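Top to bottom, those sequences are chains A and B. If you're matching positions, the first sequence starts at 1 in the numbering used here and goes up one per residue. If you're matching positions, the second sequence starts at 1001 in the numbering used here and goes up one per residue.
Don't take every hint at face value.
As the list claims (entries may be wrong) - Just the calculated beta-carbon pair ranges, DEER-fashion:
1. 1062/B x 3/A: 21 to 29 Å
2. 1136/B x 89/A: 24 to 32 Å
3. 1006/B x 61/A: 16 to 24 Å
4. 1136/B x 70/A: 24 to 32 Å
5. 40/A x 1023/B: 46 to 54 Å
6. 1090/B x 97/A: 29 to 37 Å
7. 128/A x 1136/B: 39 to 47 Å
8. 127/A x 1033/B: 47 to 55 Å
Said to hold, decoys possible - From chain A, some residues computed to sit far from chain B (all C-beta separations above 12 Å):
9. 1
10. 2
11. 54
12. 70
13. 72
14. 73
15. 78
16. 82
17. 92
18. 108
19. 109
20. 111
21. 119
22. 131
Unchecked claim - Interface residues of chain A toward chain B, partial, derived using beta-carbon atoms under 10 Å:
23. 27
24. 30
25. 100
26. 115
27. 118
28. 129
Since the hints were derived computationally from the structure, they do not count as laboratory data. Predicted model, so just to flag it, every value in this text is computed and none were measured. Backbone N, C-alpha and C define an ideal beta-carbon position, used for all residues, glycine too.
Below are the chains, spelled out letter by letter.
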Amino acid sequence: MDVLTRAGIALLIMFGGFGLSLLYQYWARLRTPDLFPDLGTLRPGASTLVYFTTPTCAPCKTLQRPAIQQVSQLLGDALQVLEIDAAQRPEVARRWGVLSVPTTFVIDPRGKVRHVNNGVARAEQLLIQLQRG
Amino acid sequence: MTNQPLQKVDHSALKANQLTIILLNILAFVFNLPFLAALVAAVMGLGSLLKLPGFILLYRYFYKPLGLLKPDILDDNPEPHRFAQFLGFLFMAAGSAALFTGAGALGWGLVWLVVALAALNAFGGFCVGCAVYYWLGILKVSGFTKTAPAGIFPGMKPKAR
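Generate the whole structure from the sequences, applying the supplied hints.
Laid out in structure tokens, this is it:
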């Protein structure tokens, strides 16, 4: 095999890996409608922030919750915040693919999950994600 | 199994290691250079012996000074990452040996396996070797004493506090 053939194979493998990662993301997005029964009734026309936490999570208390409160005050009725205790409801956390806390999901008013933040998401970041919709 | 206190681990140093392994292995494959794959194996083996990421010097004198990577120091266990590098070394050593003995498909297959695992760690934040370490710990295998940081799925990168 010459260099070009090998480079082609390498590119194919890399694009294949990238494709697999995209497929995984697509599959993860397809799963999301099944997740909403966990949330109860979503407020029509409002964006939703689903916030997974546990009682022992220190950054949740010191960083994530204040950031969410700040965003919530700014957006008022346009935002619905749903807090889920992953320790009390581990089956819900598992269905949502939550591996660590804090994890926040930004859901647009049409009910589509738009962003997932694994770890602390700052208020500015959440605002940008909510405004992008 | 004991739950000992976590240490500070610079995940950027680990990432630099993984990126270098990926790059050199792909170059080795494209230009058909088994000795380059063997060199990667040797550096990973040396790193395992010294309990450091094999390409730590590149991180210190190339990636960091050029601003390509910034320190990302997290509370974590260093042992699973060392074990992961050692596993990578074993695969790379077996792959290199296969390449030098004419078993090209097996050799490059093992090299690509290491590339895939390093890419999963560097870009996906999931360390398969670390997950194996934690599972061996759960199975009470001697020497695998650390447990995953609280609230973190075994093998996943811990979050900044």
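Against which earlier hints does the structure fall short, listed by number upward?
-> Hint check: 4, 9, 10, 11, 21, 23, 24, 26 and 28 fail, others pass.
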